[in-house]
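Asks: For reference, the chains in residue letters:
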Amino acid sequence: DIQLTQSPSFLSASVGDRVTITCRASQGISSYLAWYQQKPGKAPKLLIYAASTLQSGVPSRFSGSGSGTEFTLTISSLQPEDFATYYCQQLNSYPRRWTFGQGTKVEIK
Amino acid sequence: QVQLQQWGAGLLKPSETLSLTCAVYGGSFSGYYWSWIRQPPGKGLEWIGEINHSGSTNYNPSLKSRVTISVDTSKNQFSLKLSSVTAADTAVYYCARGVVVVVPAAPYYYYMDVWGKGTTVTVSS
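Order-wise, the sequence lines are chains D and F. One gets the working numbering by counting positions in the first sequence from 1 and adding 127 to each. One gets the working numbering by counting positions in the second sequence from 1 and adding 5 to each.
Heads up, none of these hints are tricks.
Result set (DSSO-like, lysine-lysine): computed pairs, CA atoms no more than 27 Å apart in a straight line:
no. : chain 1 : residue 1 : chain 2 : residue 2
1   : D       : Lys166    : D       : Lys236
2   : D       : Lys169    : F       : Lys48
3   : F       : Lys122    : D       : Lys169
4   : D       : Lys232    : F       : Lys48
5   : D       : Lys166    : F       : Lys122
6   : D       : Lys172    : F       : Lys122
7   : F       : Lys122    : D       : Lys232
8   : F       : Lys69     : F       : Lys122
9   : F       : Lys80     : D       : Lys172
10  : D       : Lys169    : F       : Lys86
Here chain F is said to cover these stretches of chain D; the calculated rule only asks that three of the stretch's residues, wherever they fall, bring their Cβ under 8 Å from a Cβ of chain F:
no. : stretch
11  : 148-159
12  : 171-181
13  : 222-233
In short, the hints are calculated from the structure, not lab data. Cβ coordinates follow ideal geometry from the N, Cα and C atoms, glycine included.
Kindly produce the complete structure, drawing on both the sequences and the hints.
Replies: Here it is as structure tokens:
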């Protein structure tokens, strides 16, 4: 099975900072992964799919890139509402199985 | 706008069967895979399994022996049953819509774009 490892697991940042979260796959992914944001007590929210496509309504300060085994989520200028936990996700075709990274918690410095 | 409304028992005793249902409102039921995902307290997301409108299922191998996901297309609902629960099954359970886009001669992509609000399930004697 493909494992997704996010780094860092935790980061402390200030409003206005540029933040980058990395998601590494244990083997090459012949597809594009997705990114989610989750706030306490809420369901995850889709941010980016196909590695770099912004979901409708998501602010343009969020961006994604990558292919193969390394993908990144970048927040260009961290806003107060961005403090949350972020997850990457991939779908394995055969056998079919959805997998999430372990999460990256972004907290206020 | 598609919405998912989920419900089910929130407190179970060990060895009982967890049962949750998710109803789909405002959109098509066919053409998607409908998933269950759970999140233990303070931990990450774990995919449990999925079903499509025709009843085809896929399960997480780690839970497969205890999980049954079923569908009622007449009501646009799908359900989760998890047998023989223990304290380790205590979690928030979410239902979600899965989208998979296959593009000829290009990598496919996928996402879960609509989620239920979650149901807290506690297993305790």
